[in-house]
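*Asks:* In case it helps, the working numbering puts the sequence shown at residues 10 to 534.
I should point out that these hints are in silico values taken from the structure, not numbers from a laboratory. There could be a bad hint or two in this list.
[What the hints assert, rightly or not] With a cut-off of at most 16 Å between alpha-carbon atoms, the simulated EDC-like pairs for lysine to aspartate or glutamate come out as follows:
#, residue 1, residue 2
1, K124, D112
2, K423, D442
3, K266, D112
4, K286, E314
[Unchecked claim] Quick list of simulated restraints, FRET-style, between CB atoms:
#, residue 1, residue 2, range
5, R480, E375, 45 to 53 Å
6, K271, G360, 25 to 33 Å
7, P502, T90, 25 to 33 Å
Bear in mind the structure is a predicted one, so any value in this text is a computation, not a measurement. Virtual Cβ for every residue (Gly too), placed ideally from N, Cα, C.
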Amino acid sequence: MDLRVRDIAEDVAVGFKRFRSCLPEHGAEITYLISELYAMSATLTNIEGFSRQFPRNYARIKSDLDTVLASLNYTLGEITTSFRKLNGNPRADDFRHVWHGLDTFFREESSYTLKRRLTKYKMFLQELEDMMRNKLPDVRFLADMRRTVMTLLSEQDGRLAATMAGVSIGRSDSSASSSLDPGSPVEQHHGPGKRRSYERARPGLRPSSSYFPPMSPSSSQGAPPPWVPEVPSSPTSTSTTTMSNLSSAILNDHWAKHIFAKTVSTTPILAAGDSSKCHGEEVENAKEWLHDEGFDEVAYLAFDEDSYKLSVSFYVREDDSRARILCKVQKGRRSNKYYCLPLNMLEVRRGGSSLQLCRRRRSGTELVPWLTLNFHAIERMVTFFCTFLALRSQDMHRQVQNIRDFELGSEREKFGGLIVDDRYLHALRIYQDRISGSIRLQASVHDGELERSPVWTAFITHDINLHLWARRHKKLVILQDLQMVILFPDYTPPRTSGGEHILKFTSETDANGFTEVINRLALTD
10 MDLRVRDIAE DVAVGFKRFR SCLPEHGAEI TYLISELYAM SATLTNIEGF
60 SRQFPRNYAR IKSDLDTVLA SLNYTLGEIT TSFRKLNGNP RADDFRHVWH
110 GLDTFFREES SYTLKRRLTK YKMFLQELED MMRNKLPDVR FLADMRRTVM
160 TLLSEQDGRL AATMAGVSIG RSDSSASSSL DPGSPVEQHH GPGKRRSYER
210 ARPGLRPSSS YFPPMSPSSS QGAPPPWVPE VPSSPTSTST TTMSNLSSAI
260 LNDHWAKHIF AKTVSTTPIL AAGDSSKCHG EEVENAKEWL HDEGFDEVAY
310 LAFDEDSYKL SVSFYVREDD SRARILCKVQ KGRRSNKYYC LPLNMLEVRR
360 GGSSLQLCRR RRSGTELVPW LTLNFHAIER MVTFFCTFLA LRSQDMHRQV
410 QNIRDFELGS EREKFGGLIV DDRYLHALRI YQDRISGSIR LQASVHDGEL
460 ERSPVWTAFI THDINLHLWA RRHKKLVILQ DLQMVILFPD YTPPRTSGGE
510 HILKFTSETD ANGFTEVINR LALTD
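Work out the full structure, taking the sequences as your base and the hints as a guide.
*Replies:* Shown next, in the form of structure tokens:
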């Protein structure tokens, strides 16, 4: 097995460290890239170690391994070529120019970022490592990874062939748009039980080992030992402590990290609600336990009551996007109580200005109050509600069955239609809150395992009265401005060259229906 790609990956990781100090605004993303590169290096080291012990398993994965290494080699080669532009004494602007050049190149080549590409490589390699360990693969997941990387490799081979022939190739505007054309077959089925091309899957995750069927006693014969070969200690290798720090840095770039700081609270909820209170059982050393189990805080929100302070935090584990909520009640300077539960044990219901998070019992037929939160503004309530739903749906541990809380109580759906959004098919809805009168848009996953999971929401109460805020052209609706709250990683809002937002409906009927509802709401506002 040729490990030169592993060494190049580590060299590229070292090279990106120079960017981090020069481009602090991209520090979190650069740290993520470094982490993914070292993770791939470690995985390749593990595979190489197992290949000598279990040659039959290696023969099973060799074809897939060659494919991913060939594509990875192209990607790393493009990066190292760009690094050569930084010879001498480069300035911060030189690093910024190379960084934006790389970002543009990878987006044009594959329609997604380098960050997402490296994550796909890592996930594919880790799946192959699991097969070396005699773990049964998730066939559908493996097929999706194989198809993605082979498509990318074909694009890379074609680019190289054209370059060798002295011809510059690239994707034309027409070909790029045709892949998103709602008039084309958006629902491309890949066989029974397989995820369709437009469906979103849980982001950046591998199937948990608990999803694999247990191996029979006979299958354990000749299984590799339960250890992982250590990454050689060198200046470019990553220790456990460093990887832990990188994990925390990765979650600093989590979509929920600053979600409440960005929410503008303007519309009061003119209705009574219960005061904020935790009804559950106290959990001692909850914060320490979360830290020991690899969880990091990604969002924080405080609630002030008359006699005490209450705050809630969302915690996520980077490895499997496991999500938990931590409630802290402070009744004095030294008197703190903590309450903690996984999100997939909870369901939300609304009462006026308060949300109540309830424990699901007896398959969800019984709801027992665990936490009540009182909000003064509808924007803050909606943001919390959507964040809760999104984090819960992205949790890989156990999918919530029979979901009933995908809509916020007292909101009324005024419109529903389908849009092609960031290459995926989403359901776009207009909601109006019966209590506050607030109006918002929400795009949600239309189908698949994440069905009804929110991707973004936007408050438009004060926008719909602006002159020409929404313009329609056939299936397209152009919005002058849209203050989005994004609830999904690596989501890129479709925009015009002037920065206006694009809603690409799958039918002219839906596009026309959307603008009619917007105009009607503007008249009654």
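*Asks:* Each hint: holds or not?
*Replies:* For each hint, the structure was consulted:
1. Among the hinted pairs, K124 with D112 is consistent with the structure: their alpha-carbon atoms are about 9 Å apart, no more than 16 Å.
2. Taking the CA atoms of K423 and D442, the gap is about 10 Å. The hint holds against a cut of 16 Å.
3. This hinted pair does not check out: K266 and D112 have alpha carbons roughly 23 Å apart, beyond 16 Å.
4. Our distance criterion of 16 Å between C-alpha atoms is met by K286 and E314, whose separation comes to about 9 Å.
5. Separation of R480 from E375 is about 49 Å and conforms to the stated range, judged on CB atoms against 45 to 53 Å.
6. Between K271 and G360, the C-beta spacing of about 26 Å keeps the proposed range 25 to 33 Å intact.
7. In this structure, P502 and T90 meet the distance hint of 25 to 33 Å, their C-beta atoms being roughly 31 Å apart.
Consistency with the previously given hints fails for number 3 only.
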